[in-house]
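A.B. asks: Since the structure of chain L is provided, determine the placement of chains G and S on it from the hints.
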Amino acid sequence: MKFNNRNIQLGVNVRIGKNVRIGDNTTIYDNVEVGDNTIVANDCVIGEPQQAYYFQANYTNPETKIGANSFIRSHAIIYAGSTFGEGLTTGHRITVREGAHFGTNCLISTMVDIQGNATFGNYCRLYSNVHICEFSRLGNHVFIFPYTIFTNDSRPPSNVCIGPTVGDYTIIAVHSVVLPGVNIGSNCLIGSNSVVSRDVLDYSFAVGSPAKVTRDIREIGSREKDGSQYPWMYNFERGMPWQGIGFDAWLSQQQK
Amino acid sequence: MKFNNRNIQLGVNVRIGKNVRIGDNTTIYDNVEVGDNTIVANDCVIGEPQQAYYFQANYTNPETKIGANSFIRSHAIIYAGSTFGEGLTTGHRITVREGAHFGTNCLISTMVDIQGNATFGNYCRLYSNVHICEFSRLGNHVFIFPYTIFTNDSRPPSNVCIGPTVGDYTIIAVHSVVLPGVNIGSNCLIGSNSVVSRDVLDYSFAVGSPAKVTRDIREIGSREKDGSQYPWMYNFERGMPWQGIGFDAWLSQQQK
Amino acid sequence: MKFNNRNIQLGVNVRIGKNVRIGDNTTIYDNVEVGDNTIVANDCVIGEPQQAYYFQANYTNPETKIGANSFIRSHAIIYAGSTFGEGLTTGHRITVREGAHFGTNCLISTMVDIQGNATFGNYCRLYSNVHICEFSRLGNHVFIFPYTIFTNDSRPPSNVCIGPTVGDYTIIAVHSVVLPGVNIGSNCLIGSNSVVSRDVLDYSFAVGSPAKVTRDIREIGSREKDGSQYPWMYNFERGMPWQGIGFDAWLSQQQK
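Residue numbers (the working numbering), protein chains in the order written: chain L, 1 to 256; chain G, 1 to 256; chain S, 1 to 256.
So here's chain L without its partners, still in its complex pose (with noise of 0.2 angstroms):
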């Protein structure tokens, strides 16, 4: 019941790809580009003008990319000027500001909040309620659990706002906070509830508030076979691109 060209709203230069479906209720503005296959469920925003908008009549709305094979729930707001690789998902009512960029396959989850002029690698996986803010950067397969935040203003409120940045297949676990300008490595795992306030190095597990390296992720167990879980590559392949293949055969044909 969702696609029945209700009240669906079109800019000027939209785009849509072939076997594009877009719900009732959605509106997507000028100059935004939908990729093929991709569905766009009911009561989306795609293209949602920034502030100048409403206060200035000669506004020109910045270009918008949705990838090919996306799947975007009702009720998301999408600002335009954000780009997204193909196959991304998201859930219910995610907000998005301008100047976004996310790679391929990344998940944003129901009610996550990205604040704009951020960087997201591909298959990043941002779960319900995450808040990130301008600036930050993530790499690939980066994983953050539910209510983590991202922020920027060391001195707030001030003029000197630095992201953080996370390398590659690194895990935040859910509340925690990672404070403005930290670096946290690849193949880390940060513990819930946790403040990061320093840099932190790659493969190191760190916890607490504020955050302390207390080992080395490789010496944690997994709960379902004898030896380390982490990295988690090697024990988790549900949505990566090594699917039915592990870890290294994946690895190997990328570095072809």
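Incorrect hints may have been included.
Remember, identical chains collapse to one label, so a pair may be satisfied in a single copy or spanning two.
[To be verified] Under the rule of at most 20 angstroms between Cα atoms (straight-line distance), these lysine to any residue pairs were calculated in the SDA-like manner:
hint, residue 1, residue 2
1, Lys65, Val12
2, Lys65, His101
3, Lys225, Ser154
4, Lys212, Ser197
5, Lys256, Leu10
6, Lys256, Ala57
7, Lys256, Pro241
8, Lys212, Asp202
9, Lys225, Val160
10, Lys18, Asp226
11, Lys225, Asn159
12, Lys65, Thr119
13, Lys256, Gly239
14, Lys225, Gly181
Read the hints as simulated data drawn from the structure, not as lab findings.
C.D. replies: For chains G and S alone, coordinates are given in the frame of chain L:
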């Protein structure tokens, strides 16, 4: 102005009870039952199809049941395959995924996010932005205060997800995290901003990150009278089934 | 495309000022006043009726007032019986319950949840997902950063609810909890992920769970210049009434 029958969409095999009111712009999908005297406000989606709906031609929507005398505020998204006993009350913009089962007289406040495949007893109260993971099991008269999160994966991301359990009459204060598989007993109180990492026995007050039991709840004084505030059922009755008669009288009625 | 007068619903005694724009699918209930030059974007509900509306035939909607020169972004739900001074700006999907009173030039960001019966001074800034409980009282120029929660019941659930108070120019960082009845003075800074359980005196920096005062805010260095960052009004002016003239000049104007 909400009940003008404007833009209401009803699917196949939608069974609406007597004296039900449905708000404008609300969609009810196939195979949903709405009990007598229930109000579904504007802009809701009841029986939201699961993901297969979008990709499989022969998708059948699972049964969804909303009990009688319920009041669902605007912008709720309730997936197909969940059930709610009578007397449900919700805030705005709730999200409930498939396979959630609620007893009678529950409260699901504004922006609560239920991940599905979880069970709730009677008279549970989930306040704003509570996030309950899959496989959680809550007893009766459990109160969860805002921004508290239940988690189910102790080695994220992994394939082993075990939800927490919570016993009857337990209270969890704001901004807490309950870790995977933790069993919190009945009549417990968890303080604000706690991380509950180990089982908590009945009648315990636990607080901190990780939460430690600091005393028996019966040692916590009331702010209204001499003596203890807990078990709270002797001091609080608003909206509870013992309202007007007292907890002991109600309990003895139940035990007959 | 938002201002096509599509599906706008206006109640009785709705007073719309000059040069107001109202977005598609927005509903304004009875007894709402919207000041001159205000924008109410699409899919908003202004003057949302209180619960009695649904159950009482003779319900009268309380007065709601939105000041002039305001900008309410999409999907806001503002209950009847709240008032906002001029220059209000909101994010998307805010919820404000009845009996909230805001001064002039406040910011209420995306998904903020105001429980009602709370007061706010001028130039308050509530960032994403801030949750303010009933009976809270905030002064002027108070900044509350994302996912911070105010609470009012120290023995949940009980019948004794006492909101926190916050003095002028105080800043509360992300993911903090302010416990019931706590008084935070003016010119304070509360660090991230704190639980404020006791009163905090003017000019204090407090952090931790429970929060402890670790120093005077005037001892916290700036990242932009030599010397202290706080009081911040000497180092930050964007959107503040002293923009372009400096804090001292503005202050002396005010005191005339």
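A.B. asks: All the hints need checking, so say for each whether the structure fits it.
C.D. replies: Cross-check of the supplied hints:
no.: 1; hint: Lys65 with Val12; result: within (14 angstroms within a copy, 36 angstroms between copies)
no.: 2; hint: Lys65 with His101; result: within (10 angstroms within a copy, 39 angstroms between copies)
no.: 3; hint: Lys225 with Ser154; result: between (42 angstroms within a copy, 14 angstroms between copies)
no.: 4; hint: Lys212 with Ser197; result: both (9 angstroms within a copy, 18 angstroms between copies)
no.: 5; hint: Lys256 with Leu10; result: neither (43 angstroms within a copy, 53 angstroms between copies)
no.: 6; hint: Lys256 with Ala57; result: neither (51 angstroms within a copy, 39 angstroms between copies)
no.: 7; hint: Lys256 with Pro241; result: within (15 angstroms within a copy, 58 angstroms between copies)
no.: 8; hint: Lys212 with Asp202; result: within (14 angstroms within a copy, 31 angstroms between copies)
no.: 9; hint: Lys225 with Val160; result: between (47 angstroms within a copy, 11 angstroms between copies)
no.: 10; hint: Lys18 with Asp226; result: neither (48 angstroms within a copy, 58 angstroms between copies)
no.: 11; hint: Lys225 with Asn159; result: between (50 angstroms within a copy, 11 angstroms between copies)
no.: 12; hint: Lys65 with Thr119; result: within (14 angstroms within a copy, 40 angstroms between copies)
no.: 13; hint: Lys256 with Gly239; result: neither (22 angstroms within a copy, 52 angstroms between copies)
no.: 14; hint: Lys225 with Gly181; result: between (37 angstroms within a copy, 18 angstroms between copies)
Violated hints, in rising order: 5, 6, 10, 13; the structure is consistent with all others.
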